[in-house]
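Residue numbers (this note's numbering), protein chains in the order written: chain A, 49 to 216; chain B, 23 to 367; chain C, 5 to 77.
Be a bit skeptical, because a hint or two may be false.
Once the Cα atoms are required to be at most 27 angstroms apart in a straight line, the calculated DSS-like pairs of lysine-lysine come out as [said to hold, decoys possible]: (1) B:Lys367 <-> A:Lys126; (2) A:Lys116 <-> B:Lys114; (3) B:Lys189 <-> A:Lys165; (4) C:Lys30 <-> A:Lys194; (5) B:Lys189 <-> A:Lys173; (6) B:Lys367 <-> B:Lys114.
Calculated directly from the structure, the hints in this document are not laboratory data.
Below, each chain spelled out in residue letters.
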Amino acid sequence: MIRYSTAILLLASTLLFSASPAMAKDKTKAAPDVTFSTLDGKTVRMADLKGKVVLVDFWASWCIPCRKSFPEIDALNKELASKGLVVLAVTVDEERKNADMFLEKFPHTMTVAIDSKGTLAEAFKVNAMPSTMIVDRTGQIRYSHKGYTDKALGEFRAQVLELLAEAD
Amino acid sequence: MALTSVVLVVAAAGYNWAQNQLDLSFHAFQDKRGVTVLSPDADFSKDFSDRTNLKVKFGVDSISAASNSCARCHPDGANNGRVVGSASVTRKYGDSKVTVGGEFSKEMFYTATTGLASISRDLNNANTTVAAGFAFSLNQPVLHPSRQTESQRSMDTYVSLTQSWTKGTVTQFGYELNQINGYQTNPFLRTSVNSVLTTGNSPDARTRHAVSARLRQALPAETFLEVDYRRYHDNWSLNSSTLALGLSHHFGDTIVAGGTYRYYTQTGTYFYKPSYTGSPTYFTGDFRLFPFDAGSVTGHIELTPKGPFLNMPAGSSLTLEYERYRSTTGFVAGIFTGGIRIPLK
Amino acid sequence: MPRVGRVIFALAVVAGLASAGCATVKPWQRGLLADSCMVFDSSAETSYMTHWQEAREGSMGGFGVQGGGCGCK
Numbered sequence: 049m050i051r052y053s054t055a056i057l058l059l060a061s062t063l064l065f066s067a068s069p070a071m072a073k074d075k076t077k078a079a080p081d082v083t084f085s086t087l088d089g090k091t092v093r094m095a096d097l098k099g100k101v102v103l104v105d106f107w108a109s110w111c112i113p114c115r116k117s118f119p120e121i122d123a124l125n126k127e128l129a130s131k132g133l134v135v136l137a138v139t140v141d142e143e144r145k146n147a148d149m150f151l152e153k154f155p156h157t158m159t160v161a162i163d164s165k166g167t168l169a170e171a172f173k174v175n176a177m178p179s180t181m182i183v184d185r186t187g188q189i190r191y192s193h194k195g196y197t198d199k200a201l202g203e204f205r206a207q208v209l210e211l212l213a214e215a216d
Numbered sequence: 023m024a025l026t027s028v029v030l031v032v033a034a035a036g037y038n039w040a041q042n043q044l045d046l047s048f049h050a051f052q053d054k055r056g057v058t059v060l061s062p063d064a065d066f067s068k069d070f071s072d073r074t075n076l077k078v079k080f081g082v083d084s085i086s087a088a089s090n091s092c093a094r095c096h097p098d099g100a101n102n103g104r105v106v107g108s109a110s111v112t113r114k115y116g117d118s119k120v121t122v123g124g125e126f127s128k129e130m131f132y133t134a135t136t137g138l139a140s141i142s143r144d145l146n147n148a149n150t151t152v153a154a155g156f157a158f159s160l161n162q163p164v165l166h167p168s169r170q171t172e173s174q175r176s177m178d179t180y181v182s183l184t185q186s187w188t189k190g191t192v193t194q195f196g197y198e199l200n201q202i203n204g205y206q207t208n209p210f211l212r213t214s215v216n217s218v219l220t221t222g223n224s225p226d227a228r229t230r231h232a233v234s235a236r237l238r239q240a241l242p243a244e245t246f247l248e249v250d251y252r253r254y255h256d257n258w259s260l261n262s263s264t265l266a267l268g269l270s271h272h273f274g275d276t277i278v279a280g281g282t283y284r285y286y287t288q289t290g291t292y293f294y295k296p297s298y299t300g301s302p303t304y305f306t307g308d309f310r311l312f313p314f315d316a317g318s319v320t321g322h323i324e325l326t327p328k329g330p331f332l333n334m335p336a337g338s339s340l341t342l343e344y345e346r347y348r349s350t351t352g353f354v355a356g357i358f359t360g361g362i363r364i365p366l367k
Numbered sequence: 005m006p007r008v009g010r011v012i013f014a015l016a017v018v019a020g021l022a023s024a025g026c027a028t029v030k031p032w033q034r035g036l037l038a039d040s041c042m043v044f045d046s047s048a049e050t051s052y053m054t055h056w057q058e059a060r061e062g063s064m065g066g067f068g069v070q071g072g073g074c075g076c077k
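With the rest of the complex left out, here is chain A:
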């Protein structure tokens, strides 16, 4: 029994504590030239947002941390929209009705776009849910966040203010 247990725990430990693929330092890269389709039927081109600081947040109705991140990012939008921040909250729900049900519970002022086929998520190389990218006025992705923690909103705010302070 001890031999079996030891073998199992060693195997598990090897897998569990093996290093994750090395996280590349956030290297600045150009935001993809994509077009967002909003829920009210409009389109927004990424290229047309140059000169603004853009926060792109990928969320879904089934994403439990998004129930916290969505209203907090909306609050950030309310606070900083007048200073030049544009927030695009992109739902990756494959069915529109699921996104609508979520939005009924979370009134919002930020622009919500839909990406049911994952084209935008693919273009932005989303590798976790939720994911948040902050794009500077020149169209470069300066910050990428995977997931949402208690400290995330504070980090987003500080990074957005930093980029808003930069000249075009």
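Given chain A, put chains B and C in place with the hints provided.
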């Protein structure tokens, strides 16, 4: 018994991450041998931060190895309440989660204290999850009517691998190893030895292996298939196979309903006989060690209204479940469960 | 450990290690996997059911924990 319950406590802690909630359930168990048990239990899950979750469970029941025997000798009824409480704390470290927990249960003829630790890690963008755990239990059966206290030590190790293959396909493979040393005879059940009804005598060491393979498959039209298979073997030569097949369906946005059929078959232990002669070293009247087959059918429905209801907040749900179990030993049981899940802020 | 169990376990380990090198489901495609019907042991009733079955049958355990679901961070 306690070990698997603790393992499931850990499992639920992992799944319910970032879902603060309170589950209140009420179970009514009745079998053909005269055992009727009403069991309330409460499960509480709370995130203290984005990395730390606490899960606490408390329940009262009387379903144990003793309860079946109480009914035989005390047909007018016997109280053999069992109180069980467990708690676990889970902490996230990047893609890994570490859980430490324990469980304590006490009834008139049995006390069990268990400590558990487990680790899980997500790999491959959470498409693969590896988990492993270890539990140690100190159990104290109390003989009846002598009231002599015996002891038992149990060590349990498990490892599991969960893999998402497609958007609608996920499998899980698990292996569990359990070693029990100490008193393992059922002190309540008797068998015939040389035509005299005698309390059994089981070996003091038991090594148990269980391997499982499970599938969850999304089907068209918001329907889901569940397949669970387990193969069990121990050094008392008891082998069993369990196969459960289930289907669930979403009826609109508020109702999930489904059913499961479970088939179970086991051999008897190497020392099992319907009756004994001579001077057998080991002998048993414990029906759990006999060969038998069993089938059960379960139906369940979960209702989640869109808004608040029955003074509960929006997002609360009501669950009803009924299971009918029948084995070739003649044992028949019906279990009704009603539950409420309340989301917490 | 029974032979069948050894084979299943070995296959599972190999499958897991092999799959660790290649992504299958993208993070934004996990909506179905997050459904309560797709998650293993997602109900509070499972623990009770397992408890009473182990009090009436000779077997125990074998079912693992965690994994699947939304995979959110």
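Okay, the hints, checked on the actual structure:
1. Taking the CA atoms of B:Lys367 and A:Lys126, the gap is about 23 angstroms. The hint holds against a cut of 27 angstroms.
2. Simply put, A:Lys116 and B:Lys114 have alpha-carbon atoms about 18 angstroms apart, close enough for the 27 angstroms limit, and the pair holds.
3. As the CA atoms of B:Lys189 and A:Lys165 are separated by approximately 13 angstroms, the hinted pair is consistent with the 27 angstroms bound.
4. Restraint check: the Cα-Cα separation between C:Lys30 and A:Lys194 comes to about 14 angstroms, which is no more than 27 angstroms; the hinted pair holds.
5. Under the criterion of a C-alpha separation no larger than 27 angstroms, the hint pairing B:Lys189 with A:Lys173 is consistent with the structure, at around 18 angstroms.
6. Among the hinted pairs, B:Lys367 with B:Lys114 is consistent with the structure: their alpha-carbon atoms are about 20 angstroms apart, no more than 27 angstroms.
Comparing the model with each numbered hint stated earlier shows that all of them hold.
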